[in-house]
Amino acid sequence: EPEVTQTPSHQVTQMGQEVILRCVPISNHLYFYWYRQILGQKVEFLVSFYNNEISEKSEIFDDQFSVERPDGSNFTLKIRSTKLEDSAMYFCASTEWPQSTDTQYFGPGTRLTVL
Amino acid sequence: DAKTTQPTSMDCAEGRAANLPCNHSTISGNEYVYWYRQIHSQGPQYIIHGLKNNETNEMASLIITEDRKSSTLILPHATLRDTAVYYCIVRVPGSARQLTFGSGTQLTVLP
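In order, the protein sequence lines correspond to chains A and B.
Sequential numbering from 1 applies to the first sequence in the numbering used here.
Sequential numbering from 1 applies to the second sequence in the numbering used here.
It is worth saying that the hints were derived from the structure and are not from the lab.
Take the hints with a grain of salt, since some may be wrong.
As the list claims (entries may be wrong) - For lysine-lysine, the following BS3-like pairs were computed, each having C-alpha atoms within a straight-line distance of at most 25 Å:
(1) Lys83/A to Lys3/B
(2) Lys42/A to Lys83/A
(3) Lys3/B to Lys69/B
(4) Lys42/A to Lys3/B
(5) Lys69/B to Lys57/A
(6) Lys78/A to Lys57/A
(7) Lys42/A to Lys57/A
(8) Lys83/A to Lys57/A
(9) Lys3/B to Lys52/B
Working from the sequences, and respecting the hints, build out all of it.
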């Protein structure tokens, strides 16, 4: 069964450093998402991406964040200058919509630890 | 999207049916009920969704009341691997908009 994959599974970085989290969405999916979950808190939406453009973004997704689809398979989330409060699990998701149902399928997540 | 209310936690004996309730009294006519679960900080996993008819798939059954103000997710034979946080989300399908996760129900399946 096709699945969303994410790398790395765990990223440790120093405050102020740039990090890039990578995702490979399911191959025929067209809408992509990033969510995050701070330890013990709810899963929060960050951004959605369609047709090489940001479709929606939350208040969390400020100028420190950017997303890109650099090739036909990868979808990346970049944090330019990490802060302690960026420590969280980051989940990528994708959906077939508008081709079919908009059920979102999630990857296993990247645990980001900012020291 | 309509607001949902779920119990904070529930226990279920292994092998028994787990019935997880969700209230969504402000649901509108074009909103569906979706269920996802999250096993210990893994990525959320889609379970099932429905509009007004009962739905069943290989994972679970979804029972929606006639007035659509509440629903129940049923795991017919719970196993230890079903221990997870279960989220009930109400939204309009086909919009590809974000999912809004609440606190969900922590289901613990006991041996």
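Enumerated hints in conflict with the structure, sorted upward
1, 5
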